[in-house]
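Since the structure of chain A is already known, use the hints to place chain B on it.
Top line first, the protein sequences correspond to chains A and B.
Sequential numbering from 11 applies to the first sequence in the working numbering.
Sequential numbering from 71 applies to the second sequence in the working numbering.
In case anyone wonders, no lab produced these hints; they're calculated from the structure.
Please read these numbers as outputs of a predicted model, since none were measured by experiment.
Note that the Cβ used here is the ideal one computed from N, Cα and C, for glycine as well.
Hints may contain errors.
[Unchecked claim] List time: in silico DSBU-like cross-link candidates among lysine-lysine, alpha-carbon distance up to 35 angstroms:
| id | chain 1 | residue 1 | chain 2 | residue 2 |
| --- | --- | --- | --- | --- |
| 1 | A | K287 | B | K231 |
| 2 | B | K276 | A | K122 |
| 3 | B | K198 | A | K58 |
| 4 | A | K220 | B | K231 |
| 5 | B | K92 | A | K13 |
| 6 | B | K276 | A | K243 |
| 7 | B | K235 | A | K287 |
| 8 | A | K95 | B | K276 |
| 9 | B | K198 | A | K53 |
| 10 | B | K276 | A | K279 |
| 11 | B | K92 | A | K17 |
| 12 | A | K138 | A | K53 |
| 13 | B | K92 | A | K279 |
[Stated by the list, open to error] Here are some of the chain A residues that sit facing chain B, going by a computed Cβ distance under 8 angstroms:
| id | residue |
| --- | --- |
| 14 | S35 |
| 15 | I39 |
| 16 | P80 |
| 17 | Y174 |
| 18 | F194 |
| 19 | H200 |
| 20 | S201 |
| 21 | V205 |
| 22 | T212 |
| 23 | P217 |
| 24 | Q227 |
| 25 | L235 |
| 26 | A257 |
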Amino acid sequence: MQKLFDKLGTLPRWFIYLMLSLGVSVPLIWPLNLPLSVSSNSKAIYDKIESLPDSSAVLICFDFDPTSIPECQPMAIALCRHVMKRGLPLIVYTNYPPTPPIADRILTELGKEYNRKYGTDYVNLGFKTGNDVLLLTLGSSWTAPFPQDHRGFNTDTMTIFKRYPNYKKLSFMVDIAHGATVDFFINIGHSQFGVPMACGVTAVSIPQYKAYIQSGQLVGMLGGLKGAAEYEKLVGAPGKATIGMDAQSMAHLVIVGFVLLGNIALIPKWWSRWRQKGNR
Amino acid sequence: MDMLGTWIAAIFTLILFSFLYKDNPLYRMAENIFVGISTGYYIAVVWQSIIRPNVVVPVLDGHYAALIPGMLGVVLLLQLVPNLSWLARYPIALYIGVGAALNMIQYTQGQLIPQIQGTMLAPVLFDKSGNFMAAQSITNVLIIVGTMCSLAYFFFALENKHLAKVSRIGIGFLMVSFGAAYGTTVMGRISLLISRFDFLINDWVKPWFN
Numbered sequence: 011m012q013k014l015f016d017k018l019g020t021l022p023r024w025f026i027y028l029m030l031s032l033g034v035s036v037p038l039i040w041p042l043n044l045p046l047s048v049s050s051n052s053k054a055i056y057d058k059i060e061s062l063p064d065s066s067a068v069l070i071c072f073d074f075d076p077t078s079i080p081e082c083q084p085m086a087i088a089l090c091r092h093v094m095k096r097g098l099p100l101i102v103y104t105n106y107p108p109t110p111p112i113a114d115r116i117l118t119e120l121g122k123e124y125n126r127k128y129g130t131d132y133v134n135l136g137f138k139t140g141n142d143v144l145l146l147t148l149g150s151s152w153t154a155p156f157p158q159d160h161r162g163f164n165t166d167t168m169t170i171f172k173r174y175p176n177y178k179k180l181s182f183m184v185d186i187a188h189g190a191t192v193d194f195f196i197n198i199g200h201s202q203f204g205v206p207m208a209c210g211v212t213a214v215s216i217p218q219y220k221a222y223i224q225s226g227q228l229v230g231m232l233g234g235l236k237g238a239a240e241y242e243k244l245v246g247a248p249g250k251a252t253i254g255m256d257a258q259s260m261a262h263l264v265i266v267g268f269v270l271l272g273n274i275a276l277i278p279k280w281w282s283r284w285r286q287k288g289n290r
Numbered sequence: 071m072d073m074l075g076t077w078i079a080a081i082f083t084l085i086l087f088s089f090l091y092k093d094n095p096l097y098r099m100a101e102n103i104f105v106g107i108s109t110g111y112y113i114a115v116v117w118q119s120i121i122r123p124n125v126v127v128p129v130l131d132g133h134y135a136a137l138i139p140g141m142l143g144v145v146l147l148l149q150l151v152p153n154l155s156w157l158a159r160y161p162i163a164l165y166i167g168v169g170a171a172l173n174m175i176q177y178t179q180g181q182l183i184p185q186i187q188g189t190m191l192a193p194v195l196f197d198k199s200g201n202f203m204a205a206q207s208i209t210n211v212l213i214i215v216g217t218m219c220s221l222a223y224f225f226f227a228l229e230n231k232h233l234a235k236v237s238r239i240g241i242g243f244l245m246v247s248f249g250a251a252y253g254t255t256v257m258g259r260i261s262l263l264i265s266r267f268d269f270l271i272n273d274w275v276k277p278w279f280n
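Bound conformation, chain A alone (with noise of 0.2 angstroms):
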């Protein structure tokens, strides 16, 4: 019995990692088709933006680069397509630099899908330095800070920005994020301009932030790949969130595995521990 829990308690890396390593692979290879529940969170956006009267502006950050696209990529594509869907006009634009291109090509694809004309009824403004800077010129004028677009179209002639002509004119914001910038969006766009927003962020910020869905700053948040399958769920596209999700549930399953395996293994000693104590 000793000799089983030593092993217990030193098992191989290589065997966790051909553990994990099938818990993620069978799943992609034969989904399972688990059930996915919808978190308020989630459906709290996708009411939002179904709320919101034909004539609204909506602004998609996209703060991410491609270290985060395997979670923001799907959340991206999810809600862009629910305001593309909704008809609803869309700007985007990024605070990082390498993004552009992504959500051009996100862009283009939907706007094809769903007919809407570049220009009119959604712009990619690419990417500006400045952050927090920048977001407080945008209370004035989207056309003075981004002259031109990421596709070099020049900006004042744009029917969009006749229409809306500065950020306080949006009726609702997103800020897909794997940073910070969640932050200054509160702080600037929803504190100063009242501009409602919500937030997608990789999982690893999810603690961070649901403090502001509970004081009422964040009409709510994607978090993680749960969050953008369920968006997907949400607005009936499923994609690569959806796919992924069986093996997330199944890798959490190998891990939790490990780790009651890891304090089982501990027992002989906290047994005989607790057995010294009581024999001083």
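Coordinates of chain B only, in the frame set by chain A:
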């Protein structure tokens, strides 16, 4: 061309995974290639997206005021020259001054006040028909107690023995939050692993069988 890209990405993914067995020359080669390519890419992106549109193009168009932030940026680099490094203090001072002033207002307005308001909750709640709302009341009590006790742990003006019991409860709340943060971090890292496996299985291997 797409297929070539897929093959390169797949081979490099496998080389990087080889580190799980042990450090090896192929892994180090892949790591160095990644660092080199990203540095080159970022230099091009920074030139194209920041320096060219904000300094070069305005100056060529006759807007010479753009030279001022451009020069401040160059002066910042003088930190690397020992004899002239003192000059770099001026743009840093300007940057800190503007940043502090902006953040003071923004963080008071957007974080401090709304977050304090967020903890000013009724500990006992009843709905319109007078029924006790147990779940919401418990949540509110937990938020109030958790905030107070966690803050007590970070209260350094009094000797710890006066607040020992309260701050011990605070540690409990902090531990729960660290656990949640750890759990979501694991979830995030697993998502990255899933993405790589999805790429290897569905984008690289599956087309061989089609």
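Outcome of the hint check:
1. Distance check on the hinted pair: K287(A) and K231(B) sit about 28 angstroms apart at the alpha-carbon level, within 35 angstroms; holds.
2. For a cut-off of 35 angstroms, the pair hint linking K276(B) to K122(A) stands: about 28 angstroms separates their Cα positions.
3. For the proposed pair K198(B) and K58(A), the alpha carbon gap of about 25 angstroms is at most 35 angstroms, so the pair holds.
4. Simply put, K220(A) and K231(B) have alpha-carbon atoms about 32 angstroms apart, close enough for the 35 angstroms limit, and the pair holds.
5. For the proposed pair K92(B) and K13(A), the alpha carbon gap of about 28 angstroms is at most 35 angstroms, so the pair holds.
6. The straight-line distance between the Cα atoms of K276(B) and K243(A) is roughly 25 angstroms, inside the 35 angstroms bound, and the hint therefore holds.
7. At most 35 angstroms may separate the alpha-carbon atoms for a hinted pair to count; K235(B) and K287(A) meet this at roughly 26 angstroms.
8. The straight-line distance between the Cα atoms of K95(A) and K276(B) is roughly 32 angstroms, inside the 35 angstroms bound, and the hint therefore holds.
9. The hinted pair formed by K198(B) and K53(A) meets the criterion: a straight-line CA distance of about 25 angstroms does not exceed 35 angstroms.
10. At roughly 48 angstroms between alpha-carbon atoms, K276(B) and K279(A) are farther apart than 35 angstroms, so this suggested pair is violated.
11. Distance hint between K92(B) and K17(A) is fulfilled; the C-alpha atoms sit about 22 angstroms from each other, no more than 35 angstroms.
12. For the proposed pair K138(A) and K53(A), the alpha carbon gap of about 31 angstroms is at most 35 angstroms, so the pair holds.
13. For the hint pairing K92(B) with K279(A), the CA-to-CA distance comes to about 31 angstroms; that is within 35 angstroms, so the pair holds.
14. For S35(A), the suggested interface contact is upheld, since its CB lies about 5 angstroms from the closest CB of chain B, less than 8 angstroms.
15. Interface hint status for I39(A): upheld, as the beta-carbon distance to the closest one in chain B is roughly 6 angstroms, under 8 angstroms.
16. Given hint, P80(A) at the interface with chain B, holds; its Cβ is 3 angstroms from that chain's nearest Cβ, closer than 8 angstroms.
17. Residue-level restraint check for Y174(A) is violated (minimum Cβ-Cβ distance to chain B is 23 angstroms; threshold 8 angstroms).
18. Interface restraint check for F194(A): the shortest CB-CB distance to chain B comes to about 7 angstroms, inside 8 angstroms, so the restraint holds.
19. At about 7 angstroms, the closest approach between the beta carbon of H200(A) and any beta carbon in chain B falls short of 8 angstroms, and the interface hint on this residue holds.
20. Evaluation of the S201(A) hint against chain B yields a held restraint, the C-beta minimum of about 4 angstroms falling below 8 angstroms.
21. With 8 angstroms as the threshold, the beta carbon of V205(A) stays out of range of chain B, its nearest partner Cβ sitting at about 12 angstroms, so the hint is violated.
22. Interface hint at T212(A): satisfied, since its Cβ lies 5 angstroms from the closest Cβ of chain B, which is below the 8 angstroms cut-off.
23. Hint status for P217(A) relative to chain B: holds, with the closest Cβ pair at about 5 angstroms, below 8 angstroms.
24. Because the smallest distance between the Cβ of Q227(A) and any Cβ of chain B comes to about 6 angstroms, under 8 angstroms, the interface hint for this residue holds.
25. Proximity of L235(A) to chain B holds as hinted, the smallest CB-CB distance being about 4 angstroms (cut-off 8 angstroms).
26. A hinted interface residue such as A257(A) counts as satisfied when its beta carbon comes closer than 8 angstroms to some beta carbon of chain B; here the least separation is about 5 angstroms, so the hint holds.
In this structure, the earlier hints numbered 10, 17 and 21 are contradicted, and the remaining ones agree with it.
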